[in-house]
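Q: The residues making up each chain are set out below.
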Amino acid sequence: MATIELQNIAHSYDGGETFALKEISMTWEDGKAYALLGPSGCGKTTLLNIMSGIIKPSHGRILIDGVDITDKPTEERNIAQVFQFPVLYDTMSVRKNLEFPLKNRKVPADKIQQRVAHIAELLGLEDQLDIRPGKLRSDLQQIVSLGRGLVREDVAAILFDEPLTVIDQNFKWTLRNRLKRLHLATGVTLVYVTHDQTEALTFADDVLLMKDGEVVQVGSANDLFLEPSHEFSGYFIGSPGMNFLDAEVSNHEVVAHGVHLGPVADTSLSGPHRVGVRPEFVVPVEKGGIDMDVVKVENRGGFQLAQLALADQKIMAKLDADLEISAGERRAFGFVPERTFLFHDERAVSTMKPMSAGAAR
Amino acid sequence: MSDTIAPVQRAGTKGTYFDWKSWLFWLIMAVWSIPLLWLMSMSVRYNEDILTVFEIIPSRISFRGYIEFFSEPQWYGALINSLSYTTMNMVLSVAVALPAAYAFSRFTFSGDKHLFFWLLTNRMAPAAVFLLPFFQMYQSLGLFDTTYAVALAHMLFNVPLAVWILEGFMSGVPRQLDEMAEIDGYSFPRFFLTVFVPMIRAGIGVTAFFAFMFSWVELLIAKTLTGPQAMPLAVQMSTTSTAAGLDWALLSAAGVIAIIPGVIVIWFVRNYIAKGFALGRV
Amino acid sequence: MNTKKKNNRAWFLVLPVVLVVAFTAIIPLMTVANYSVQDVLSPDNRVFVGLEFFRQITTDPAIVAAFQRNIIFSTQILAIEIPLGIMIAKLMPRRGWKAAAALVIVAIPLVIPWNVVGTTWRVFARPDVGLLGVTMNQFRPFDIGNTPADAWFTMVMMDVWHWTPLVALLVYAGLRAIPDAYYQAASIDGASAVSVFRFVELPKLRRVLMIALLLRFMDSFMIYAEPYILTGGGPGTATEVMSILLAVIAVIQFDLGQAAAFSLIYFLIIQIFSFIFFTVLTLDERPGATKRAEKKVKAEARKREMADDAASRSGVTNE
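Taken in sequence, the protein lines are chains A, B and C.
Count the first sequence with the numbering used here and you get residues 28 to 388, in order.
Count the second sequence with the numbering used here and you get residues 92 to 373, in order.
Count the third sequence with the numbering used here and you get residues 48 to 366, in order.
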């Protein structure tokens, strides 16, 4: 268990022309679960590989507990990694797989026995210890892979590179849960790379949302959802993601496509901005509001997903399941002002001004 | 897929780390090429020197062997013969194998497993077994002593090989592609020629390479089915070796020249060979 | 999922191949079979002799000796070529221009006409003008024309030189197919290079090695041109392998019946091995394999259902 520090880490695969990972400095706190979330090519795997030692960063240093390990090879770092598919030694039994990292480090035999028994119990593998891992189901195979990481007591962090990729849909949920429970039981720092927001948001204490090599926002699932600081947080998180409109702020009012949306909270703003509001916060109102055409309504079980039109702009709204609404209608909707953001140069600069009286829901 | 064992930027490798693996590899390659280098050295020496003086680096150089090769019709003619039946065979084998490989890849049909296995048995057929029957057969067809005979006879092992390798590559192309083309209204021939074949370019390249290789190097059948007219290079070389005085320089020159087409073909398909070997269907 | 459609019209696509191979294989084989059970005294005088020739062949000491030579030869070359091929494959560069250059150089011996291989080594091994011969002669008298051991030694070396690249290329391709993650995991686990070879590479190379083994065994069993040119089967019969003897019987002695019977037995031996080869190669691809895979999927589905039942009954909820 240790603190991992990144100092000005950046990486270019082509000698400085383009940076797959732009400069980042941060401290990974001991015992927390982090997720690196983002689309392919955003640099999350690069960052992970820098931490595990598979890649040497072109710039910056990494320290574990204050010790500079940037030049140390993987085997000398106290890092374990779980890959996109189960990586196992299929000629060895599960037990031998778990013993392997300890044997290589010349740990005494009785200590090995102890650790393996402990981890096997933790992972629920006691009955499978003497089977070849190839015979196990893929999610259990990943558990064994994870076990090889946990079995070492000195491990500073366990890194996960999209570990649910080959797991059968039905077992993704169970595996995710087990990982979370293991995290709580062992208190090891976990860093989890994924492009799937559900995985990231359910797994991590802190999510690092990445795009084009940069960390766009760091925060809990709630933070990213309710308080996006970047357009990308609005766009990528949520299903469907945030609605965006081009707008103009003048006289403290936000006007989008000729429609007045309401007053802006930060009165110092003016000029062109982008308005972002999540479908969850597009609500039907009795009076006032903006008239929109209802283009389509889909019943999704627990809610209805409506596609609305505001002056040729598509707006998605998540509505109550029992709301009476159908396509072809023209109704009034409002954007919850505290959850409607104004973005300038992709960064959130303000919300709309909250109403003084109670807002209609 | 792994292209590296140790990525260049791997943390922890010291800059001055001695790449003994690379050194050892090129050393082995150097030793491995000695027989060939010896052959090349002999090809540029005088016959008297070859037989009387043993030296590693020739003191006198002569290109007579090569000059004679290209001025004697029986020699360069032999080269042309070999090239022509090998090329014919290559084209024919691939052409015949393409539809069959497609069938094996896309469909199951009665007896398909057995057919596939039977094809394999022909790849593995010892040439010696077929000498006599081939001889009689091509004689009676009036094809004896023609390059066509060899081109056809070599199809015995090259067609199964081609079907095999192509099937392996074709199976890597998803069926959805075929279905989409069908939906888009492509007729089968059009789909096959303009869509499918380009997708398996690499496979065709590999197949052509192996077909070329096995036909080019084969001696027994080529020798049995030819006489003076269609004599392949290999046979021309072996008849020379039964003559009273061996023309070592000429023979060596012929040997060197015989290697060149092969090297050229390898060079062209070098990027695809690994995949072909990966299928294991050599 | 790439499932195949059942369509018997596919036979039309396969027809050209069938015709070609039938023409080049079945008809000749039938001819051979014909000759193997008949003694052709003259074009009009053929006597059916049943399995007589087969009996002669299996008891003929020359043939039995040739068979033994083949077995010994194949065993020896495999013992050298497989490990050597693996070693070379592991040393081959994998990226950049060096990888392409290495590939071309390693592959060259494979495209040399077999008679040129024979000729090259024949000269190379001469104690008067050949580098190998001269070198060996420094240590002890070396004469492939007269000393059986020297002839055999050269024949083995020649085959190793000629065919190890095939093993190397097969293994190289097999190694390239191993995902990086395995090496990375081994690194993380602190594994030594020997362990990596033993626990990661060798298991993953099993199929490729099997293929290399069987291919080389079968091809070496059928070898003809190189030893024929190198030694002609000599000195005496020291290097007379089966195919050389067969060619002698068929083409020189013109003992058609014997040659035919010999051919068929030879052919049969090869077929048995190719059956093994085919089985190994298609272990994952056979229809039986699909059935096994299907059973596995069904078993997992059943497990799933039971797990879900158990879960819902005990009221396990999402945390």
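Treat the hints loosely; a few may be bogus.
Residues from chain C that face chain B, not an exhaustive set, calculated with beta carbons under 10 Å [as the list claims (entries may be wrong)]:
(1) 199
(2) 200
(3) 245
(4) 249
Stretch by stretch, here's where chain B covers chain C in the computed footprint (C-beta under 8 Å, at least three residues) [unchecked claim]:
(5) 72-85
(6) 100-112
(7) 117-123
(8) 148-154
(9) 181-193
Don't read these hints as lab results, they were simulated from the structure.
Glycine is no exception: its CB is placed at the ideal position from the N, C-alpha and C atoms.
Q: Look at each hint and say if it fits the structure.
A: Against the structure, the hints:
1. For residue 199(C), the interface hint is violated, the least distance from its beta-carbon to any beta-carbon of chain B being 18 Å, above 10 Å.
2. Given the 10 Å rule on beta carbons, the hint for residue 200(C) is violated: about 15 Å separates it from the nearest Cβ of chain B.
3. Nearest Cβ of chain B to the Cβ of residue 245(C): about 16 Å, over the 10 Å cut. The hint is violated.
4. Interface hint status for residue 249(C): violated, as the beta-carbon distance to the closest one in chain B is roughly 15 Å, over 10 Å.
5. A stretch counts as covered by a chain when three or more of its residues have a beta carbon under 8 Å from one of that chain; for the region 72-85 of chain C and chain B the count is 7, and the coverage holds.
6. Under the rule that three or more residues need a Cβ within less than 8 Å of chain B, the assignment of the region 100-112 of chain C is violated, with 0 such residues.
7. By the rule of at least three residues with a Cβ nearer than 8 Å to a Cβ of chain B, the coverage given for the region 117-123 of chain C is violated, with 0 such residues.
8. For the region 148-154 of chain C, the stated coverage by chain B is satisfied: 6 residues place a CB nearer than 8 Å to a CB of that chain, which reaches the threshold of 3.
9. Chain B is given as covering the region 181-193 of chain C, and this is violated because 1 residues of the stretch bring a CB closer than 8 Å to a CB of that chain, at least three being needed.
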